[in-house]
Amino acid sequence: MAEKQATREAYGKALIALGAENPNIVVLDADLSKSTKTAEFAKTYPERFLNMGIAEQNMMGTAAGLATSGKIPFASTFAVFATGRAFEQIRNSIAYPKLNVKIAATHAGITVGEDGATHQAIEDVAIMRALPNMTVLVPADGVETRQAIFAAAKHQGPVYIRMGRLELPVLFDKNYHFEIGKANILRKGRDAAIVANGVMVAIAMEAAEALAQEGISVTVVNAASVKPFDRETLTLVAKEVKAVVTAEEHTVIGGLGSAVAEVLAEEWPLPLVRVGLQDTFGESGRPYELLEKYGLTKERLVEAVKQALSKAGS
Amino acid sequence: MNVIDLKRMANQIRQDIITMLVPAKSGHPGGSLSAADILTVLYFQEMRIRPDEPHWEERDRFVLSKGHAAPVLYAALAEKGYFPKEELLGLRQTGRMLQGHPDMKGIPGVDMSTGSLGQGFSAANGMALAGKMDGKDYRVYALLGDGELAEGQVWEAAMAAAHFKLDNLTAILDVNGLQIDGTTDEVMSSAPLPDKWRAFGWHVIELDGHDIEALLKGFDEAHRVKGRPTILIAKTVKGKGVSFMENAVGWHGNAPNAEQAEQALKALREEAVQLG
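Sequence lines, in order, name chains G and L.
Reminder that position 304 of the first sequence reads as 304 in the numbering used here, one-by-one numbering, no gaps.
Reminder that position 119 of the second sequence reads as 119 in the numbering used here, one-by-one numbering, no gaps.
Just chain G, with the same shape it has in the complex:
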């Protein structure tokens, strides 16, 4: 897996293709177009790009107004500002009236790196997931990001797409098919399952490989669609294993780990270990060093699978 691409990079490219296909696509940014990678769209379709300045609340409200008049706005900024600064605009002006706004947020998670905790959204998925009418997508690589962006554009209603700054290994090929509300089983095993999304999918695949060396067979599920969550696939997977581990670059409160815990508790209770940020903010540092420091590694996942299996009594 030599090829690497940041999900934000794939987003920028997807927007160009989408813009060519659909004249109603409009892109808004809050003075971060070089970082969020909407700058290329701005250059290609200047008449459909709105730089709203450093004013995220007005950006979300403006996007809502554009959507009432038939546009499909993609509003981009860092995940912290999108979901934090402009939360109530998203709630009351976008989610409540179910307007067709796509909130495409980049620089999510601690892999933002050096900028530190103020710029590292670790709670954005929890916040967005709590909103009625909202769809929440966390793609794992460039291929899935492109498909998620196209799927979001096709979907009627608000969508939150969480993307990152860090270059990630390309996991999927052209035959990969992403669908909102569907999880993908990337690897099948008999002992445990790791349910991951975003940055953690590639790491989960490495952990599964390492566990296989030790004779522990692990299913890996990519749950890019956090909401709607694919209850059916998770339940089927859970019935074939003894324990589950979740892996997310996000606080374990309210995000993927919680979504999985909710489904398991209601459908098929199993021992569960949630790997993610343990109710803590991040800090400045190099992305991979931070993943290490906060326990978002292959080694930690291997350990977590063993912990979960020991709780299952095997």
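What the hints contain is simulated information worked out from the structure, not anything from laboratory work.
In this text the structure is predicted, and so the values were computed from the model without any measurement.
Incorrect hints may appear among the rest.
[Unchecked claim] Once the Cα atoms are required to be at most 20 angstroms apart in a straight line, the calculated DMTMM-like pairs of lysine to aspartate or glutamate come out as: (1) K136/L <-> E114/G; (2) K98/G <-> D103/L; (3) K165/L <-> E47/G; (4) K132/L <-> E232/G; (5) K165/L <-> D211/L; (6) K98/G <-> E57/L; (7) K105/L <-> E88/G.
[Stated by the list, open to error] Which chain G residues stay away from chain L? Per the calculated CB distances, all over 10 angstroms, these: (8) V26; (9) A265; (10) E292.
Glycine residues also receive a C-beta, built at the ideal position from the N, C-alpha and C atoms.
Once you've looked at the hints, dock chain L against the given chain G.
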């Protein structure tokens, strides 16, 4: 409509506001009554709309950024024929159409869901931008309250509207001078209003928000302004038309009881008779 007819309609809308608030037992009469003349001029003269086709793409749009004044909007929409007037009596009641604050999904004629102050104004900007992008000639109107100006989002939107040269956007500021905790000067002074808006790049028209002819002229002038948005800074009286509610802070968010309503309606009916 001619000026006399518009005055009659404003009177009728005030009666509707009082009437619907009684069974609702809650709601906002003060800021609804202060905006009754403004909405009358908009819905019965100024705006290009089709009540039988509320989503008509070429229609002018109206955003009630001060969403708590929902009763005045609902009264105008009902009088215009967007929905039956009987619906007004279901205001704020479980399972009924008319929500406490405007809901675009459920109420014909409501162009934007509002209620959280400052937000509607940004949406109005978005509608105006969409019109510009599509080369459509529809106009967008947003009604703001003077208390609402304390919201930072208002100034983000004001800056953006001038930046994008939204001359298809007209804001109307309902300066009734009162908010929940007192006068706007006591709570959070927004003076000097015209200077602030001019400094943000807006064309400013100051007028009496209860003077139908002044409002008609103001909107006409806004049509002629090119390259920047216009704001009508409309001096109004909170509770206008109901003597015991006028300029009374306590009538911001309290509904009249049946007795108070009857007293208010009697005076409004007398006024209607005088209008002929």
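Measure nothing beyond the straight line between the CA atoms of K132/L and E232/G; if it is 20 angstroms or shorter, mark the hint as holding.
Violated. K132/L to E232/G sits at ~46 angstroms, over the 20 angstroms cutoff.
Taking the shortest Cβ-to-Cβ distance between A265/G and chain L, state whether it exceeds 10 angstroms.
holds, 32 angstroms
Would you mind confirming whether the straight-line C-alpha gap from K105/L to E88/G stays at or under 20 angstroms?
holds, 18 angstroms
Between K136/L and E114/G, does the CA-CA distance stay at or below 20 angstroms?
violated, 46 angstroms
Quickly compare the C-alpha distance for K98/G and D103/L to 20 angstroms and report which way the hint goes.
Within the cut-off at roughly 11 angstroms; holds.
With the threshold set at 20 angstroms, check whether the alpha-carbon distance from K165/L to E47/G stays at or below it.
At roughly 14 angstroms apart (the allowed maximum being 20 angstroms), E47/G and K165/L satisfy the hint.
Quick check for students: does the CB of V26/G sit more than 10 angstroms from each CB in chain L?
violated, 7 angstroms
So is E292/G really clear of chain L, every C-beta pair being over 10 angstroms apart?
About 40 angstroms separates E292/G from the closest Cβ of chain L, which puts it past 10 angstroms; holds.
20 angstroms Cα cutoff - pair K165/L, D211/L:
Between K165/L and D211/L the Cα gap is close to 28 angstroms, so the pair fails against 20 angstroms, i.e. violated.
Next pair to validate is K98/G with E57/L; report whether the Cα-Cα distance is within 20 angstroms.
holds, 19 angstroms
The structure is inconsistent with the numbered hints 1, 4, 5, 8, although it conforms to all the rest.
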